[in-house]
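2 protein chains.
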Amino acid sequence: MTGPRYTRLVQSLPASVPFTGPETLERNAGRAFRARLGANENGFGPSPRAIAAMQEAAAGAWMYGDPENHDLRAALAAHHGCGPENIMVGEGIDGLLGYLVRLLIEPGDAVVTSDGAYPTFTFHVLGFGGALHKVPYLGNHEDPAALIARAAETGAKLVYIANPDNPMASHHPASTIAAMVEAVPDGCLMILDEAYIDLAPTGTAPDIDPADPRVIRMRTFSKGYGLAGARVGYAIGAAPLIAAFNKIRNHFGMCRTSQIGALAALTDQGWSAHVRAEVARSRSRLAAIATENGLIALPSATNFVTIDCGADGVFARRVLAGLIERGIFARMPFVPPHDRCIRISCGPDAEMVAVAEALPPALAAACTG
Amino acid sequence: MTGPRYTRLVQSLPASVPFTGPETLERNAGRAFRARLGANENGFGPSPRAIAAMQEAAAGAWMYGDPENHDLRAALAAHHGCGPENIMVGEGIDGLLGYLVRLLIEPGDAVVTSDGAYPTFTFHVLGFGGALHKVPYLGNHEDPAALIARAAETGAKLVYIANPDNPMASHHPASTIAAMVEAVPDGCLMILDEAYIDLAPTGTAPDIDPADPRVIRMRTFSKGYGLAGARVGYAIGAAPLIAAFNKIRNHFGMCRTSQIGALAALTDQGWSAHVRAEVARSRSRLAAIATENGLIALPSATNFVTIDCGADGVFARRVLAGLIERGIFARMPFVPPHDRCIRISCGPDAEMVAVAEALPPALAAACTG
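Quick mapping for you: the protein sequence lines, in order, are chains A and B.
Under my numbering, the first residue of the first sequence carries the number 1, and numbering increases by one thereafter.
Under my numbering, the first residue of the second sequence carries the number 1, and numbering increases by one thereafter.
Hint data in this document are derived by calculation from the structure and do not stem from the laboratory.
The beta carbon of each residue, even a glycine, is placed where N, CA and C say it ideally should be.
One thing to keep in mind: the hints can contain errors.
[To be verified] Partner residues are not named here, just some residues of chain A that face chain B (Cβ under 8 Å, in silico): (1) Ile-51; (2) Met-63; (3) Glu-91; (4) Pro-119; (5) Arg-231; (6) Phe-252.
Modelling step: build the complete structure from the supplied sequences, incorporating the hints.
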């Protein structure tokens with residue numbers, strides 16, 4: 001008896017995983033991390049109102065969530081000044097990116113992104129057989145003009161940009177992104193991943209007509225709202241594109257408790273302001289720690305700080321390994337020249353103290369290693 | 001400017017939805033249901049231990065869930081006497097079916113199921129362009145011999161059977177399913193959907209070597225464990241097939257709270273026994289209500305009772321509409337001849353009283369309608 005017959009595409013795919021979770025590292029090391037600062041989770045936590053709503057909803061977990069995500073979509077539409085027909089809720093931005101790629105990409109279709117940008121998007125593109133074209137960053141910024149030029153050149157169906165950017169923490173002002181939308185080639189869809197927008201400076205989010213067929217924005221409750229584990233992302237876009245998700249999505253894929261928690265979090269903008277202030281404080285603290293250790297903290301528009309270790313990828317990997325050994329879960333960019341950096345998430349004071357304590361010996365070990 | 005360029009397959013797909021949720025019906029009607037008995041949810045609720053664990057986990061929702069689902073897979077492996085490499089956890093059976101179809105089916109590939117069987121499986125097969133071949137039920141049972149014969153005839157890559165069955169509530173004994181596995185044609189994978197197995201009579205689940213490459217079993221926390229809203233399903237199968245999911249799945253797709261809730265539920269088999277007893281009592285109550293109203297309750301191996309209304313689909317649809325008007329959320333099979341039936345989920349006493357009160361006037365209205 002033979003095994004299952006996979007598609008040709010699946011046979012060609014590696015068994016890759018975009019990210020290794022901290023739990024895996026903890027199991028391998030046989031001990032828990034002292035500071036969980038590698039996945040840009042929000043250690044300041046979700047709104048107490050969201051926690052209370054989820055606790056109250058726990059006993060009702062026997063009910064499926066509303067497959068239309070009606071209440072959450074209505075609240076998001078009011079929040080963004082658009083219609084619910086412009087909002088699609090899904091299992092995190094990761095889930096929505098998977099659906100979006102599936103809607104547009106068949107084997108060989110061109111997709112443009114930046115070299116070193118979000119690996120889960122790349123994972124989905126390759127998973128549907130897309131032909132990936134990668135544009136270099138311009139310094140520490142994604143390069144809108146180069147992305148658009150490559151999209152035009154390759155006849156791409158999708159062009160991806162994150163603003164603010166991960167892993168470099170940089171951002172473009174709203175006007176640059178708005179100009180990029182205007183330049184999107186005919187028949188190409190721009191994905192504007194705004195996972196970190198809630199933590200960015202005022203003036204980072206452009207004013208885009210939600211009915212504009214050239215762009216789809218991705219937002220999430222994972223970062224600013226502190227609900228990464230609840231898996232609630234949403235897309236804002238033109239109604240026909242939003243409706244197309246219904247052709248393929250897992251209609252009953254959303255957790256009921258997550259729908260309820262996200263709705264409660266959205267109503268607590270006071271907590272969001274508190275989180276923004278705490279994140280700003282933590283960013284400054286991380287920058288100071290970097291400086292004290294002779295390293296360069298890059299400007300950050302996110303809830304993490306990318307720290308230039310001042311040498312090459314080999315050295316930065318040593319620094320990162322030293323931090324992990326010392327109980328600090330952090331990560332680093334995958335590709336040169338960004339891999340001269342490490343990336344540390346913002347977090348509460350105790351975690352910052354842990355970083356301040358672990359970085360000097362990690363650096364010393366990296367220098368002598 | 002044109003809109004996005006969808007794949008040819010997506011362009012050909014209807015904007016169908018496998019099921020309308022009760023919340024949509026409630027919004028349309030402008031009032032809440034008195035009894036929520038249409039989606040085979042488990043109104044007896046999850047284990048109090050699971051509720052407590054999820055409440056305690058709510059504040060930690062800022063952390064992503066473990067992408068390996070390590071702890072839950074380890075516990076499930078111990079529970080089933082297999083290795084964690086034989087277990088894949090996913091966003092409900094619905095999510096896992098979508099991944100499985102994606103792994104195997106390219107446009108035109110043959111897939112065999114029963115006419116009237118689980119529509120979400122059909123949705124996924126059509127969503128990946130599979131050529132669907134439907135075999136009629138044999139009375140109220142899926143027909144293993146006919147499914148296997150059709151799979152052989154069409155060179156199918158997948159053949160689907162649910163045991164116990166939804167929507168007919170029937171079941172085959174373990175020996176019949178074991179014989180079906182032995183008869184699976186070379187190169188075909190059998191999907192054994194056991195969503196309702198926790199509520200079936202002893203002797204319904206066959207003993208299958210988890211390393212057998214001919215079959216993949218689907219299980220869920222949605223039915224017996226009362227955690228439908230937490231979206232936790234799992235597959236049991238040969239290690240290479242389980243590993244293949246890692247090529248395409250949404251690695252961070254699971255809610256952290258759901259992982260924790262499912263793990264706690266699994267440890268509380270006392271609660272599961274309590275639920276089984278309550279479901280059995282409710283099944284008898286629903287059967288008695290049917291009999292009192294001159295209808296025939298089909299034997300049930302599930303947490304719902306399929307009731308033959310004694311006429312055709314037009315009549316059963318009228319009865320169902322009458323129930324819905326009277327505040328009872330129920331559903332019915334989609335295709336003839338099963339659509340002579342309505343389908344009512346088991347539930348607590350108050351819900352059974354509501355059904356007992358609503359059915360006579362619903363029937364009377366259907367007769368005169």
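Do the hints match the structure? See the list:
{"no.": "1", "hint": "Ile-51", "verdict": "holds (5 Å)"}
{"no.": "2", "hint": "Met-63", "verdict": "holds (5 Å)"}
{"no.": "3", "hint": "Glu-91", "verdict": "holds (5 Å)"}
{"no.": "4", "hint": "Pro-119", "verdict": "violated (11 Å)"}
{"no.": "5", "hint": "Arg-231", "verdict": "holds (5 Å)"}
{"no.": "6", "hint": "Phe-252", "verdict": "holds (6 Å)"}
Checked against the numbered hints above, the structure breaks only hint 4 and satisfies the rest.
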